[in-house]
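Q: One-letter residues, chain by chain:
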Amino acid sequence: MLQGLGQRGRREIDARRAAPGTLTLFLAPALLLYAGFTLYPVLRTFYNSVHTIKPHGVEEFVGLANFSELLHTDFVFWKAVGNTALFTIVATVADVFGGLLLALVLFSRAPLAPLLRILWFTPVLMSYVVVGIIWVWIYDYDWGLANQILRAIGLGAFEQSWLGDPHIALWSVMATHVWKWLGFNMIIFLAALYALPGEVLGAAELDNCGWLAKLNFIIIPMLRPTIVNLLVLSFIGKMMVFDLIWIMTGGGPLWSTETVSTYVYKRAFDWNTFDLGYPSAIAVVWFIIILIFIVLMTRLLRQRDRLEF
Amino acid sequence: MWRRTPLILFLLLYTVVSGGPFVWVAIMSVRTTPEIFANPYALPTRFHWEKFAQAWSHSNYSTYFWNSIIVVTTAVALITVFGAMAAHCLARYRFRANRPIRFLILSGMILPPQLLILSLFQILLDYHLYNTLTGLILVYVASHLAMTVYILEGFFAQIPQDLFDAARMDGYGDFEIFWRITLPVGAPALFTTVTLNFIILWNEFLYAVVLLTEDDKRTLPLGIMHFMGSHQLDVGMVATGLMIAIAPVIVLYALFSDTMIRGMTAGAVR
Amino acid sequence: MAVVAIEALSKRYPGSNETAVRDFNLAVADGEFMVLLGPSGCGKSSVLRMIAGLEPITAGTIAIDGKVMNQVPAKQRDIAMVFQSYALYPHMDVFNNLAFGLRRRRVPAAEIDRRVRQAADKLGLALFLRRKPHALSGGQRQRVALGRAIVREPKVFLFDEPLSNLDAALRVSTRNELIRQQHEIGITTIYVTHDQVEAMTMGHRICIMDQGEVVQIGAPLEVYRNPVNTFVARFLGNPPMNLVPIELGRGSGRLGSVSIPLRSWSETALGPARSVLLGIRPEDLYETPPRPGDDLVPIAMRVSAVEPLGAETLLVLTLDDDATDIIARVGRDTRLRVGERATIMLDTTTVHLFDPVTTRVIARDLA
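Same order as they appear, the protein sequences are chains L, X and Z.
According to my numbering, the first sequence is numbered sequentially starting from 4.
According to my numbering, the second sequence is numbered sequentially starting from 3.
According to my numbering, the third sequence is numbered sequentially starting from 654.
Some clues are possibly wrong.
Simulated DEER-style distance windows between Cβ atoms [to be verified]:
#, chain 1, residue 1, chain 2, residue 2, range
1, Z, 744, X, 8, 43 to 51 Å
2, L, 210, X, 260, 31 to 39 Å
3, Z, 660, L, 22, 22 to 30 Å
4, L, 212, X, 186, 54 to 62 Å
5, X, 228, L, 164, 24 to 32 Å
6, Z, 962, X, 162, 36 to 44 Å
Calculated from the structure, these hints are not laboratory results.
All C-beta atoms in this analysis are idealised placements derived from N, C-alpha and C, irrespective of residue type, glycine included.
Based on the sequences and whatever the hints tell you, model everything.
A: Here it is in structure tokens:
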């Protein structure tokens, strides 16, 4: 009977629907900005990657030449990929499991835990500029804290040029990055720990489980979804790392801290020849690699966690 | 009691490790550079508060600071308004484009900035927005909408439908419902996103370094880097500058630490 | 004051093959308190929401005072609704919660003030006008929800299971409060619930629904005494009516080894069936005969459980050659114990017969 009625009347009646005009008004500002300054640039980057972009808008279609040069002859790119991979894997594992450790320490009724939680979270909020500069000072060979402490406790022989030695520069930057992010993972794990059902832990006590056993057999397995989520989140974040490296070492010395993102920046803005096409190709390749990783990781790690309480 | 000694040592150690560097910078910010080089780790003999005034007026810090204020507050305001509108629409109404639009916006969270900066550079140049605060604001808003919509949509969706039904029966239209129901009831989530966005954008570096080049347009992170570049040895002044940059974040954090932490964990432990 | 006429109403939710409401017909008289009763998922809330204008109608019409409301948006239907979760605006105080709907309708401020204060006084909320919902108890919130509907002075009140979030004691007192208010104000009311006690005590008439359809409409006692099928028979009454299969003989039925005279049913009424369902309410089974007469049939059973409730006692009994449990309500001073044999009197004047296949009642057709 109502079929001939047209959509308008129907929508006025349903509390869960609105007129197209209303929907548009709600969504338009966000969508327009997003489309213009995020989606369109992505498409344009893909477009750029198959061109050579010279100054003054001169563009030249080059097909897959950028990609071929990138993958076959660009040793800096591959060094950067290696650095980024190393950085990502080590730093991710370090700050996720480090965060877990900190959370467990606070969870075990450490004194002043609420205060410490707030204090230990502070590095997360600081700008990379602040963190980077401070740690550059700490790593300074002559008067930096790192070497001073080593000298003070008689291990002066181990003093290093933390950021100047190509063999350890990346590790130094990694340490700083982990230092900044430990607190973030810590508070997420703390929230997850407090959300664990108390009855399960109580049952374990009754089953005569010591702290270590409880940890191994109950807490860690139940935290698996959170661990996985944070690993993925951290992984993605670190694959894109730019700020800290740029501020602390600029990619040196000798490409030892060069990452894919710093390389993209350099090829675009710091190179003898101006060409936006090539770095766009790098960005595209890296994006595809990130996507593959995300799909792989989520599939691999998420498959097996369906926890029922 | 003594069994806890290793634990207490660890707590102390990590507190020093995580907080030490900031304390050190704070101390250095009130000492002069010669004093620092004489003994980097001593406590200040005199508190040189005048350095803050110096940094503010002589090193263009006031410009950098105000640029940051303008850019960040405008961007956060726009993100909050546009994001809330979009989140409300996606959470409340059923329409065919709902799922695709939601997917589109949320997938923005995994886009690496490198994929965007080069084209944004071109685009802003084309539209004469390069090296302008306006251009940076627009870029900031677009790139941070995704996370805000994600958090707000999750929260708004949990507001019971009954409230909206009752308002509808009381005669309220769609926008009034957004204005009088969603926003007030969703205020905690809005507050969380405002503080989170403020801190993230206050610290933002990559987009700013690509899209701003003139000194009087620089935001604070850029300003500090620039200053660091040209005054590398004037450690004392750089330290003062760092403290100026840290100050707003510390203030916000001291006031709202609980809310912020709760907001972040709510988003990630979904 | 309004008459609500619902004809051939039906509802199918998009994306579902099932019909939530099917061919629903109901006429509510002016000032009547009509209860929609049924188990979860029977469609009663869908009907209510369609009347309110919150859900689009798939087919059929809803008319208030003769005017068809299908296309009329909710705010123009002059209906007020009390939600199960109260739906109070958490960021407004009680006064503003009550005034919200009136402000929108451009009622003058003085009038709003008068109506709000009057309703608040009537509901005992006068001291709480400046409090926010989170500072109120469950019962107080419920009253605010009710007040919000009252100040609107609408044509129809709709209630969606308003008492289900209250604890037992509060439920009883609020129930009486609602009855009193409706009686005083006299507005046509449609009340949805799954609780048969609420339905029996509050409604002028009850409309029983099951699986999207109307099963029976009538006054509470009418529906209680003359259920139209086994669903209604067992839905009303606690403990529910006992249903046991009996073998039909000539003018009587056999229950185990007992013969029960069925003099009020003709052969034609009983039809060709060999067995039917006998329905007898627990209160119509007696330990000692309440009156002399041959319409009380003794049945020997064994007591399998005794549940003393204080004011009375429930006996769970089993027939010798049968597994069926029969529940009887007996006096509080019964001496029967578990395992004992008892002779229970069955009152044949209050017995019901149901067709086991169609579940419909077989009506008495002889005097």
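Q: Now, for every hint given, state plainly whether the structure supports it.
A: How the hints compare with the structure:
{"no.": "1", "hint": "744(Z) with 8(X): 43 to 51 Å", "in the structure": "50 Å, holds"}
{"no.": "2", "hint": "210(L) with 260(X): 31 to 39 Å", "in the structure": "36 Å, holds"}
{"no.": "3", "hint": "660(Z) with 22(L): 22 to 30 Å", "in the structure": "29 Å, holds"}
{"no.": "4", "hint": "212(L) with 186(X): 54 to 62 Å", "in the structure": "47 Å, violated"}
{"no.": "5", "hint": "228(X) with 164(L): 24 to 32 Å", "in the structure": "25 Å, holds"}
{"no.": "6", "hint": "962(Z) with 162(X): 36 to 44 Å", "in the structure": "38 Å, holds"}
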